Structure formats: structure tokens, C-alpha cells
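S.K.: Protein chains in written order, with my numbering: chain A, 1187 to 1437; chain B, 1187 to 1437; chain C, 1187 to 1437; chain D, 1187 to 1437; chain E, 1187 to 1437; chain F, 1187 to 1437; chain G, 1187 to 1437; chain H, 1187 to 1437.
Hints should not be assumed to be uniformly reliable.
[To be verified] In the DSBU-like style, the derived pairs of lysine-lysine whose C-alpha atoms are separated by at most 30 angstroms in a straight line are:
(1) B:1272 with D:1272
(2) H:1272 with B:1272
(3) G:1272 with H:1272
(4) G:1272 with D:1272
(5) C:1272 with A:1272
(6) F:1272 with E:1272
By construction, these hints were calculated from the structure, which means they are not laboratory data. These numbers were taken from a predicted model, which means no experiment stands behind them.
There are 8 protein chains.
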Amino acid sequence: MLDVLDQVRAGALSPDEAARRIGELPYAEVAHAVGASVIDHHRELRTGVPEIVYGAGKTADQVAAALRELARAQGAGIATRVDAAKAAEVRERIPEAEIHELARVVRLGVPAGRPRAAPVAVVCAGTSDLPVAEEAALVAEFLGAPVVRISDVGVAGVHRLLARLDEIRGAAVVIAVAGMEAALPSVLGGLIDRPLIGVPTSVGYGVSVDGLVALGAMLTSCAPGITVVNIDNGVGAAVAAVKVARLAVAA
Amino acid sequence: MLDVLDQVRAGALSPDEAARRIGELPYAEVAHAVGASVIDHHRELRTGVPEIVYGAGKTADQVAAALRELARAQGAGIATRVDAAKAAEVRERIPEAEIHELARVVRLGVPAGRPRAAPVAVVCAGTSDLPVAEEAALVAEFLGAPVVRISDVGVAGVHRLLARLDEIRGAAVVIAVAGMEAALPSVLGGLIDRPLIGVPTSVGYGVSVDGLVALGAMLTSCAPGITVVNIDNGVGAAVAAVKVARLAVAA
Amino acid sequence: MLDVLDQVRAGALSPDEAARRIGELPYAEVAHAVGASVIDHHRELRTGVPEIVYGAGKTADQVAAALRELARAQGAGIATRVDAAKAAEVRERIPEAEIHELARVVRLGVPAGRPRAAPVAVVCAGTSDLPVAEEAALVAEFLGAPVVRISDVGVAGVHRLLARLDEIRGAAVVIAVAGMEAALPSVLGGLIDRPLIGVPTSVGYGVSVDGLVALGAMLTSCAPGITVVNIDNGVGAAVAAVKVARLAVAA
Amino acid sequence: MLDVLDQVRAGALSPDEAARRIGELPYAEVAHAVGASVIDHHRELRTGVPEIVYGAGKTADQVAAALRELARAQGAGIATRVDAAKAAEVRERIPEAEIHELARVVRLGVPAGRPRAAPVAVVCAGTSDLPVAEEAALVAEFLGAPVVRISDVGVAGVHRLLARLDEIRGAAVVIAVAGMEAALPSVLGGLIDRPLIGVPTSVGYGVSVDGLVALGAMLTSCAPGITVVNIDNGVGAAVAAVKVARLAVAA
Amino acid sequence: MLDVLDQVRAGALSPDEAARRIGELPYAEVAHAVGASVIDHHRELRTGVPEIVYGAGKTADQVAAALRELARAQGAGIATRVDAAKAAEVRERIPEAEIHELARVVRLGVPAGRPRAAPVAVVCAGTSDLPVAEEAALVAEFLGAPVVRISDVGVAGVHRLLARLDEIRGAAVVIAVAGMEAALPSVLGGLIDRPLIGVPTSVGYGVSVDGLVALGAMLTSCAPGITVVNIDNGVGAAVAAVKVARLAVAA
Amino acid sequence: MLDVLDQVRAGALSPDEAARRIGELPYAEVAHAVGASVIDHHRELRTGVPEIVYGAGKTADQVAAALRELARAQGAGIATRVDAAKAAEVRERIPEAEIHELARVVRLGVPAGRPRAAPVAVVCAGTSDLPVAEEAALVAEFLGAPVVRISDVGVAGVHRLLARLDEIRGAAVVIAVAGMEAALPSVLGGLIDRPLIGVPTSVGYGVSVDGLVALGAMLTSCAPGITVVNIDNGVGAAVAAVKVARLAVAA
Amino acid sequence: MLDVLDQVRAGALSPDEAARRIGELPYAEVAHAVGASVIDHHRELRTGVPEIVYGAGKTADQVAAALRELARAQGAGIATRVDAAKAAEVRERIPEAEIHELARVVRLGVPAGRPRAAPVAVVCAGTSDLPVAEEAALVAEFLGAPVVRISDVGVAGVHRLLARLDEIRGAAVVIAVAGMEAALPSVLGGLIDRPLIGVPTSVGYGVSVDGLVALGAMLTSCAPGITVVNIDNGVGAAVAAVKVARLAVAA
Amino acid sequence: MLDVLDQVRAGALSPDEAARRIGELPYAEVAHAVGASVIDHHRELRTGVPEIVYGAGKTADQVAAALRELARAQGAGIATRVDAAKAAEVRERIPEAEIHELARVVRLGVPAGRPRAAPVAVVCAGTSDLPVAEEAALVAEFLGAPVVRISDVGVAGVHRLLARLDEIRGAAVVIAVAGMEAALPSVLGGLIDRPLIGVPTSVGYGVSVDGLVALGAMLTSCAPGITVVNIDNGVGAAVAAVKVARLAVAA
């Protein structure tokens, strides 16, 4: 903004024009007509994290166009919640797109120049929780963090978890993914000193349908300091974890 | 019923009278006018468990009268959900009543002649859950089962629980009492081969208020075979556990 | 663990190696790469109950591989929540698999060497509840308990239930399966002295959709000592019942 | 309305005035300034049932004034949800008022000239449900129906209910009052051919708090033809039952 | 039962056999193997209403077999919740079955010998509520009551309702069917002196989905004496209304 | 009504006939047999807004017939919630119908003679909310109001919103459409002095499914004076906004 | 902002200082240390409505200080949700404060210079809803709108409402206040062409507790164009109505 | 553990004793009999954070004893959820205790030797949210982090927030505290690149009671990477934030 004001003082810019620019910059959005979506190329400047394409409710055309635009301007793009059929359609349009079927993720290009980040551990309670865990892992890697994957350590066999503690402690921040009663973060939170982000999943049936019990259990954990994201929100957990992991190397 | 029918055949009883008696026996209730409550002296015959006075919503007079009637007919009586003020009033009326303030339990007399029962373990996650756990323990003892009390073994420090496993395994059946995210039964259920009954408690705040999250977590536990009772229902868990514990010695 | 420590004292094992082994044994998981699932062959040692394959959300390939691995190592395996189409696919892969269509259960092999167990009664309110009841019955039989099946005894015609009481009382433990208002366990619980496990079902419409009313009704039953599992959770009820039924013969 | 129109034709009334009167009659309300409440003396003409004073949220002054106005114009009045303290204050103002403490009902005067009605049975599951049941019984009697009271016939001892069936069948319509899991209407509905109105009560704790489970259980009853009123709404059940009971004698 | 006892006295029946019969009669179920359903031919004796086939969750084969069995033994049968495809399949099996597509009802045969009943009015708020209203009307007619149908009188144009009041008042009992905010019973309940049964429907979207708002609105109506059935439960309302309508002619 | 009464005075109308007419006019409905729906041609007289066809749950035939009837009598008609397949079928029947696929709206004819209205702004948070926003915009235009469309101004990039404030302030009334956490109305409400109507959408997943969080957030906004309609109810918001916008020019 | 920029060009202001001012003006808050609250004197400039003191959760000291500060700077202030005890304490501090006990409102000073506004009608269903209705009326008057109060026109006696329609139509905008099933706005919405704002109240018991049914009923009303505010939110409805009423005279 | 094993090899420890120790160390709890609570002095070793006394549901005696024990062993202790009356009682027992009335926090002693931490910003939407925000700030300071407090920046006046962005960006991690619709984190999350932890508060009324809407809004925020704790859980947010802030200086 000071630049704009300096130009006003220098007479290079009229006050009217300056007012307009201040209203727009540095937050102005550059709208590319890619289907119905608008790519926010400035989001990374403001928040440290580029736009991630949310594939649910978009057509394959829209997902492909958004990925191409992101790759064109930023070198790489990533889309989540792209099911197998839609992913196949995307690949027809962009043969070089990389598809992760279990995680429902499509990536185009290799991101470069991300800030350095310490390792992130993604710890997963059961095999049914793997799609959400893998979504978190892939997004964290896309954002530049090395990821340690620990799977199948649900608390119904708690010693499996105890046996992996050293690996988990090697990370700067931990994402714990669990459905059903979601006891994993409570047990883990009493054993490690790392920031711990819980991702409840919609895995289950009966009273657990939709993951509300898993969410409630994580929020009421007796282990203090666990923070939580929305049900099945692997992307959100990854973004939060990478912001922490960058601090751990930037200090 | 065969007795009644034999009397009909013998002409000692008219068919009309027999029809009336068959309608009533052996389930007929003997109503004693103790305040507004009716003591069901035959319940123990049918279900193996005598009536337990539910003190909430009853006056001290009603609780005292019910305990006296039970003690008169069966040798002993027990009342739950009797808060400190009401308990003091009961003791004014019945000085020999035994009051357990934390558990909000009042007992009168020593029950005799109960069926033998194997030991019941009452395992409690946190100190706030103790009133419910102690209610369960006192009722189980009243029904004739020896009780092993294990407290303060919440999963946020899971090795506390691991250190007590041998004691827990010494019981025939285990009651696990926990509030908040209630992860205790899940961890315990993966470590023992005993029947395990979960009691969610209303301990907590925010989304856990009223114990609904604890209840949901126990019902959706990834450790199969856990059964659950209503929130804060120590009595129900004790009755269920003692029925099991009697089988364990009766075989 | 004492074996390991004896080897350390004898010098046959280094302290480092012993620490590693103690961390892993006797709870170490043997991971077989059967699709995405991991077979926990030690679960039966810890909890008395082998792993039961939860078929929902698994492909026919994964179900078949899991059943084969269980049959290979333990002689028999059982999978639940396998719908008709998936079951047919499983049978293409394993012709000798036994399919129970109504109960959505697939079994491979005949389990041997299970602990003895007293009879389990599975009592079912309505014909719509039969799939869940049959799931419970088949799992209980797989775990080694004889099963008494009592169907169509809903309380809207209560004398149907009264006529079957002797059969029900012949079992050591009773599973009561009911949807809608789920009054069956309340009536039954006032008539028998056996441990009673309620399974609410998702049968119904309007306010009863998803079985939450049935679950709530069972949890608030005026008959004390009823314990409850998750909605439609026939497997959980069977596991709990068999643990009790084993105690009834083991004493 | 024809009267008004006849006057218009006769020129005794201007069209303007007639329009005003037609807008008001025969439904015009006569407002008496009794505190903040308005007594609707025409309601009985329209609906067959006079206004019943809802005492919750009214002062003793307002309740007393409303009762006096009703007694003045109609010979008698009745108020519900008047707790013990407020009832005592009402009696200070109206010594001849009759107080029913358990039912929280206050009545002034003896209603006369009500339409005849067949007997109404009020069947009550437990002693905690008695206040709601007695409210229903007193209102039904106030509206002119004889009442048969059947108490303490909860389904946890189902033969108590079977023993009273003949009494219940003697009524034209049955009100069933129950809290907790509220199984009473389901069992009763399978045994009688009378219209059956369920009143869920807020009796209970844990998941049953506020009576939502009891309400849901009654609405989803497997016995067809049960109708239901709001939780603890003894007045509504009585009004509905008396409307039916009047038909049973008026035919 | 007196018959049985008389035979015992006469020596024509042994006490053992008599005990068995008393346990079974008059409530014994005659089980016909019609698919998985059991036809309760005695229900009409006990409750005045024959079994009505609930078609949801049954195959066309099961529906057809149940209708045939009912028609064989009782002269006529009716099934509800039979969608268009299933109804066509039923007609392939029973060409003489009568299909009501909008109401999703299938009827076989003409019932005879039903008790007389006064007219029942079925009042419907909107055209989307018509399937439920018509289900209620057809079942009421099947049970022997004449039906007055009043449609499209939702309160958003309240004078439509006022114009039909005389027709409605001509019935002995009124069924009001409404979805969304379901204000119809409240307005109607203030205008008539007839028993009024509300049927909330699942019509709506957003917060009204599943009819919970409509149900709540009917239960909390400011017009006293309205009783309510489960969402979309036209059958239940019809059964309740016919029981009332029979009283209105039987007195 | 005065007309009718004048005729009575003049003897041109009997009082009986007048009473009938007064009961019917001016609110009498003219029922055209267009499928199952009834076109209320007088609604616009009473409420200023013509009937808008709600296409969900109607067949293409019914939608087409309703549109034709409205166009015949009033010059134009509009239908909402018509998905792409149904819209195509409607166009087969009415080739001149105009289809708005994203908004799921079908319009027939150009409305004429609507009251004048000031501009309405439709402000939309995200691209997924566009269908609801466009439904609101099209209905507002159909009712005669000019519409200003502002899209993609969600609060996660708040300066996008600040840059468009002047345009928004140019309207007389503002509709704000948002899903997920629906913060847009709160921010906007603190910046403008116009009436502001919030439309929560069902966009989201996890705890936001069905739009309940968006609805709750709008209702509890810290910016006073925001009013809200049902989830996804673009029609309702448009009707409310146009009523306001007409006042703004009519004064 | 142009003023600030002009000063920059003129050299009267450094760019740094200008940037600071632009960040603050015209939205900068003037913080007065009145207890813990901050008076936002600029809110009226932005939104047309001054700050209204929300008295719940504030001490009498804080309420009094806020009112004094508002009266000092703007000539008058108003506080809501001030119960009788707190209001008495406020009057001890400010004897000239005007207390409206039923509405729980305290006002200090007479506002002047408000924009002109057309009349607002506040229509109230029952006497229990009066506190919320009166809060709305007093706030609307404080904001400068004439108010028409219509009380006791609940739909259980719908002709009371019809008789008052002319008065209601005389207002530019209507606020409808109702609890329980809240049918008033639906009936009213079909009869008038004015903007209509519904205020659900928490009046009721059983399923209506907390006003959620009333809220749901208003949101799902079959009368299109009704907008709704939070439960018991008389202030919000008044602010929204006055914004509309100002447009009706400003055009 | 290696120490223990070395002693076994050296013969200084028997295998039995070693097994016991390994089961207990390093997680063994040292139980001090302070009322009913158990002080876990090893928690800080495992998780980096000492035990924080949760004052709700504890007596003043218990709170005081716990604080004294913590101060004795660790130099300082802190208790939360201690209301004014209880805090006064604690000070009677420990005159040197420091009481923060608004935040309901009591602290004893000055913690020393905490790990270094980067600054934490605590941003608060409204004055009613201050108690929760201050609890978070005090706990963060107790754990060794410098705290930047930013209050009264709710989004209804969004430029207040914009004016404070530089201060907020100066912290390593941000805690955002908000009730009602809780839009603050969404707006803030789009403007900064710091880890952002949301604390929903129970401030509000109507549909926002208990903070569920605020919680839902934070979880569904359109700004990715926000993590959330339980309603009113200032302690949890502080613990999570400090863990992050330590990483930011430890790298």
C-alpha cells in the first residue's frame, strides 16, 4: 500500500485511482474463466497455502481446467474428493495427471519452491480410515512437508501403537485419523509432546453414522491440547499441520 | 399353575376362582402403602434381583418407608440417587441406615442368602466418575458379589491401566465407568477376555454435556463385545454384572 | 515377558533386543498383505474371540482374501455385512464358502477347539428384525455356543412371548433383537433372571428411522440389568453373549 | 350470521356495521381484564371444551382471577401446572378453591350441564408418572367423564397389567401414561379394541431426559392405532379422550 | 378360558394340557408359511382391527402371499407402502388385486361384516400430502367407515378451510394430514368439537426434511385435544379414527 | 364484501346466498384440473405474489400443465426445483419454455404489469452456492425487480467483498447466499444499512451437511437485523425481497 | 478516504500516517472504558442503527454506564434483557431511566433525528409471547417507527385474526411473534401483501422447549416470503422491520 | 527401560522385579492423597505440559490441596473454572494464591524453567467471550509463552480486525475466541499464514445456546487449516498453541 501512496505523493497516481487500487490490492482476485470456479492466485501470498481444488460437486471439465490453470501459474495443482470415475475423465483430458485412487486425489505437476517444513506424522486407526489419512498425507507432501505414515494402530490393540511411538515422536506434528469411537488421539495425546491434530472420519454405522461420535470424542478428549478439524477433512488437517511444521524449521 | 389346576380337578376350587388366580399368580404384586411406592416382593423370584429404591424424585419419608418395608420382608434394602440432604433426613428417621455420600447410596440391613457370585471388577477412568463407579460397586456388593475397585486409570496415561491388568483379569466380569470421550472400554476391551459392561457418565462440558458423546463412543467401540447401559446408570451395570458373575460360579 | 528377561539374564539376548521384543510381544501383529486389511492372529489370545471380517466397505477380493487367511491359520473364518452381490463374488473366488443370504454372513471352514459355552437364546420381535438376529445367531455358533432361536414374539401380542418363556429360560444368556419402539427387552427383562443383551435395529420409519428410538428405549428400560449394543450390531451382541456363556460352563 | 343479514335486509343495520359484526360474530372474543390473560367464553361453543387455565408462567393473582372469571360466567374453572407454593397463594385469595397437590391442579366450583360421556380409563405405568396421570383424570372428570384409574402396571411385571384388563376394557377410551421406554401402550394396544391415547412423560434420566425417548417409542409402536400427545400433556389427552367418550354415549 | 377349565373339571382335559392351552388361547398365533411373514388371524378378535400388510421391505411374492392368505381366511386383505413397480408385480400374481397407485395401496377382496362406523373426514393441507391422506382414507374404508375427503385446504389460504367446515363437522372424527409447518390441525382444532387426529407428513425440504417440524408443530398445537401419529402414518390414523367412529354408532 | 351486502339491502340477493358468498369471496379458489395441482389465481390479489410452481415431486406433465395454466390466465408462469431431465421433458411439451439449468428454473412467458420495485442485490459467497442464488435472482426478476448479482465474495478473502460494497449499497434490499459456516451476512450486515435477508445453503460436508450450521450461524449473527429463510430457499428470499423493494418505490 | 488521500497529495500527511488512518477510518471504534463494554458510536453511520445494549450477562453497573455513554453522545440509549432486579439497580444509578418490566427493557433519553419510518405492526399470538413482542415494539419505536400492537390473535381462534386484518394491513411491515407451533405467520402470510418477519418464542413445554419447533415451523411455512429471526429475538426483528419501514417513506 | 535391563544383566535386579518396574516406569503415577485427586507429576515428562487443575466439581479444599502439591513439587500450579466464591475460599486457605476473577483462574507460584516459546496471539470477538480468552491467555503464559491480547474485533465491524492484523501477524500461532455465529476465524484465516486455533464459546441464546452453532461454524470454515477445540475450552487451546510456539523457537 505504501507503494501506491508514494505514487500519489509523486503525483503519478490520482487519489481516485489510488483509492480504487487500495481497495483491490494486494487482495485482488484474478478471475480466470475456468468453468464456474475462480482461481485465487494470491491466496498463497496471504495464507502461505495455495488454493486446493475441492472436486466434489465439480465436473471433470471443471477439475481439469482448474488444475491446468494452477499448474500454468504456479507450477503444480492438486484436487481432492475426485472419485474414480471422475478421475478417469480428468486423465482423459490431462494424461500426465497423477491419480491416487484410494485417497481420491489428483495432482498435476511437481510443486517447487515451497517453504521448508519438518516431518509430519499421519497416524491412522483402522484400514477404513486410510482414504482420509492418505488425503492428508498427499496434501501435506504437496505443501512441502515430509510425511511419516503409521497405519493400523487402533487402540483395540494398544501395544501396536506403543511399538510405533519412536517413529511418531520423530515428527514435529502429528495428525491422528480415526472413526467410530476415535479413541486414538486420547491415548496418543498422553504419550507425546507434539502438537496433535485429530481428524474424525465418517467410518461406522448405527449411532456413529456420519462421524459425529468420533468428532465429539476427539473434542472431549481427556488429553489436553488436541485440536480437531471437520469430519473426513484430511485437507484441513494437512494445511494446519504444515503451517506448524514450517514454524519448526523456520525458527 | 399346575397346583391351581389340580385343585380345580379335585373340586376344591371353582373354575371362576381358578381363572382369577391364574391371572394373578405367581406374578401378583403385594401392594404395601409406603408413600406412593409399591414394593414388588416377587421381583427377586422372577428376575433374581430384588427391588432397588430409586431415590430421585422421592421424599425422605418415601425412601425411608421403602427401605423399612424391604428390610422387614427381605432383611435388607438399598436406595440410590439419595443426595446428602435427603440422606440426612433418612437417617433421622432410621438411625441405623448406612450412608455412602459420594455414591449417593443408603443401605439398611445386611442382605443374606444371596446366590454366590464370582468377583466383579469396577474400573473407573477419572475421579469425577467415582460416584457412578461407587454406586455400581455398592449395588454389586449388596447383590452378593465381591468387588475389585480400580480407579484413576484413564487412557490419557495408558500405562496406569496396563499396570493393573492382572487385577482386572482376576474378576469374572468387568464394569468400565468413564465420561468425556470414554475411551477406557475400547482400550480395555482389546486386552481382556472377560464380559465388559460400559457405563458412560455425564462428566464433561461443551459437546460432552449429558454424557451423549461418552455413550456414543462406548456403543461404537472398535473392540467387539462391549455392552452398555444408560448414562450414569451404575445400578443397571451392577445388576447385569452380578447376573453374569452368578453364572460364573453356578455352572 | 519373563522368558525374554530370563534370556537377558542368561546373556542370550542383548538388552536392546529384549526391549524391542518386549515392546512387540505378545501383542505383535502379524501383517499379511490381504488387500488393505491386516489379520490380527493374536486377538483371540488376548480377548478370547478371533477377528471377524466386517464386510461393509470391503471388496469381494478383500473379503475372500481375509477369509482364506483366517481359515489357513485358524481353521475357519467368518465375514458379516456381505450383501448378496458381494457374496456371490466371494463364492466365485472360494466355491466352498457358505453363504447365509438373509443374515448377510459368509463362513469358510468349521471352527474347532473353541472353549465350551452354555446355550445362547436369540429372541426376535418381528420378521424385519430377522437379518440382525440371524447374524447374531450365526456368529454365536461360530464362536462355539449352541443357539436357541425364538422369533416373532413382539409385545403387540404378548402371549406369544409368554408361551415361549420356558425355552428362553433354558439358555444361559439372552439376546433380544427389536426395532421400532423395542419394548421386547423391557417385558422379557421382568420375566427372566438371565443376563439380557438388547440389540436395537434400524427397522421403522418416521421418527424411528435409523433405530435411535429403539436404542433409547432399550437404554431407558424400566427392567434393570439390560445391557445394549449399537444399532443392528448382531456381531457385538454375539461376542458379548458367548463370553458370558463360556463363564457359565467354565466355573 | 343470518340474523345479522336479516337485519340488513330490514334496514335495521347498515351494510358497514353488518360487515363489522360478521367479522366478529359468532367468534368474537369477550376480553376481561384479568391480569394479562383473556378468557375465551366462546371456545366451548366452538370446540365443546371450555378454556383451561395453564398455570405455568402465570402469577397466583392471574390464576385466581382467571378461575374467578370462569366460575362467574360458566359455574366452574380449572387450572393446571400450579405448583404447591402458587396453589397456596391461590387459596389465600380463593379459600373455596380445591387443590390437588400431586397433580398440580386447582379447581373452583362444580361444573354442571356438561354433555354425558362414557367412562375414560387412565392407565399409569409407574408411580413417577402419577402426576401426569392424575392431571389427565381430574381434567376428564371436570369435563364430565367418569374415570377409571389403573396405576402401577408397568410392563416390567406384565402380569400386573393382564390382571387389570377387564377393568380397562370397561372404559370407552383409554389414556396410557408412561415415561422412560414407555412400552405400556404397545403391550396394551395389542390387547384391547378401544381408542388408546398415549401420554409420554419426562420421567427418566440419561438418554431419556425430557421424555423424547418415551415420545418416540409411543409414536413408533408396533401396535397400530395408538395416538399420542405432547410430553407430560395430561390435559390434551383428557380433552381428546372426553371428545371420544361423548361420542360413545351420544350416538 | 372358562371352557378349558370346565373341561378340566369334567376330566376331559388333563391339567398339563390345560396349562398349555391357557398359555396359547385365545392369543395363539396360527403361523402360515407365507414368505417370512406370519398372519395373525386373532388380532381382530383382540383389537377389533385385522392385520394390515406393511409392504415396505417385503418382496412382491411376500405381499401377494399375505394378501391371499388374508383373503382366504377373512374375505379380504389390504397392503400399504407398495410402490408402483411392486404393485405391478403383485398384480401379475393376483390379477384381481385392486391397485391405488397414488396411495401405494393394494387391496384384495371386499371386506364384509365389519362393525358399523360413523363417517370419518380426511382433511389434507396440500397436494403433496395426498398419498398419505389417501392411504388413511382407503384403510378407513377397508375397516368399514364411510370417508369424507377434503383436500387442498392449507392455512396459507384459510378461507378455503372455512368454506368446508360444514362438511367436516358432518363427520364423527377428523384426520388432518399436513407437512411443512403443519398448521392445519391448529386452525381446525379451534373450529370443531370433533376428535381430531393429526398426521404429519415428510413433505418439505431444509429444516423440515423427514417431517420432524410437522410432527413437533402438531404435538405443540395451541388447540387442545389434538392427538398425533408417526410421520406419514396414514394407517395408524385410520385405525385410530375407525375405533372412534365405531363408538359413535355403537353407543 | 360491501358489494354483496349492498345487493342484500337491495333485495337482489337472499341472505342465505349472501352468507354463502361472503364465506367464499374474495378468497374463493378457482380449481383447474391440471394434474393434481390447483392454481390459486387469487393469491396475487391477497399477497401481491402469484403462485410459483414448486417442481420437486411433480412430474414433467404436471409442471408443464401448471405453467400453461398460469401463462394462460396471468401471462406468465415460473417453476423452480426442476432438474435437467425434467426440464428437458417440459420443453418437449412446451418448446417456448425458457430453461435455466444451473438454477433449475423454468419460465414460460414474460410477466407484465407487475408493481414497480427498487433493485435487489443477490450476493453469493461461493460458486457452489450459485444455484440457490440464481434461483433467487430469477424469481425476483420474474416478480418485477431489477437484480444486481455479486458472486464469489466469501469472507475467506474479505477484501473481495469490500471492493464490491458500492454496488451492493446501490440496491434497496440485499439477499446474501452462503453455505458452510455462512459468515457472509455477518460481515455484510456490519457494513450496510439495507434490509438483509440470509439464505443458508446445504453446501458442505461433515457437520455442515444439510445446511444446519449455515442456518444457525445466520440466525445467531452478531450483526442485528438480519432475517433468514429456510435452507436453499431462494424463492422465499426473492419473494420477501421484492415485497420490500416494492415499498421502496411505492412510498 | 478521499480526504485523507488529498492531504497526502498536499503533503499535509505522510504516507505512513495515511495508511494508518485509512486502516482506521471511517470504521474506527471509539473505545470508552465503560466496564468491559465498548460503545461503537460509528455503527449507526454504517448500518443506520445505533448500538443497542444487550443486558444479559452484564452487571447493573455495566448497563448503566453504557446507557449513560450512549445518552451523552447520541441523546438516548436503550438496553434489552434487563430483568426486574437488575432494572431496579439501574434505576438506583440513573433515576430518570424508564423501565418496561414486562419487556425487560430500559431506556434513557428520547432519541431525536431518526430517519422517518412507516408504521410497523407487531402481531402477537398469545399472552405468553407478549414480553418478546413488547421488546420488538419498544425497540422499533426507539428507532423511530410508529408501532401498531395487535395481541392475542392466535390461530386456535382464527376469526380473532381475521377481525384485525385491516389494522395489520395499515402497516408497511409486520412482525409476527408466536411460540409453540407458531402457525400465526403461515395464516397471516396468506392474507397480506406486506413484508412479514417471524419471531419464534421459547414458550411451550415438552417437544417445544426452547422454541425450536416454533422456529422450524416459521422457516418451513407454506406461505412464501416469510423471513425469520432467532428465537425470542425481538430486537433483531425490530431492527429489520425499521430498515424496511424507512424505505417505505424514503422512496 | 534400558537402565532396568542393564541392571538385570548385571544381576542387580531379578527378572520378576524388572518386569514389575517396566510395567510401571517411566509412566508410573505418584499418588498423593489430596482430596480425591491424583497429581500426575510425570505428565510433563511425557507430554511437555504439567497437570492443570480443573476446578469445576472440586471443592475449595481439593483445589487448594492440588495447587499446594503442584507448587511443592514443580514450583507452581494453576487451576481453571474456579468461580468467585470458590476462589475466595481457596485464598482463605492459601493467601498467596493469585486470583483472576474474570477468567476464573487461580495460580500459585511462578513457574520456572519452562521451554522457550514464541508469542501466542489471543484474539477475541466480543466482550462476552473475554473469560474464555483470558483463561487461554493465562494458561499460555503459565506454560511459558508470551501472549498478545487482541479484543473486541468481531466481524460485524470488520475493519477493527483489519487494523490489528500486524499485531496478530507478529505472533507464531493465533487463538481465535468467538461465540454466536463465530465468523472471526473464517475472516482471520483468509488473512494470515499462522496456525490458527478456534475456540467456540457458549455465548448466545436461542439456537446458539451451548455454543454448538459456533463450534459447527468453526469446523466448517471455508478458510482451510483452522483447527478447533471444545466449546469454552480455553485451556485446550492454550496447551495446543504453546506446543506449536515452542517448536517455533526450538528449531
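S.K.: Mind checking the alpha carbons of residue 1272 of chain F and residue 1272 of chain E for me, to see if they're no more than 30 angstroms apart?
M.R.: holds (24 angstroms)
S.K.: CA of residue 1272 of chain C to CA of residue 1272 of chain A, is that 30 angstroms or under?
M.R.: Status holds; Cα separation ~24 angstroms.
S.K.: Between residue 1272 of chain G and residue 1272 of chain D, does the CA-CA distance stay at or below 30 angstroms?
M.R.: holds (24 angstroms)
S.K.: Taken at face value, is the distance from the CA of residue 1272 of chain B to the CA of residue 1272 of chain H at most 30 angstroms?
M.R.: Answer holds: residue 1272 of chain H to residue 1272 of chain B is near 24 angstroms, not above 30 angstroms.
S.K.: Between residue 1272 of chain G and residue 1272 of chain H, does the CA-CA distance stay at or below 30 angstroms?
M.R.: holds (24 angstroms)
S.K.: Residue 1272 of chain B and residue 1272 of chain D were given as a pair; does the straight-line alpha-carbon distance stay at or below 30 angstroms?
M.R.: Between residue 1272 of chain B and residue 1272 of chain D the Cα gap is close to 24 angstroms, so the pair holds against 30 angstroms.
Hint violations for this structure: none, all hints satisfied.
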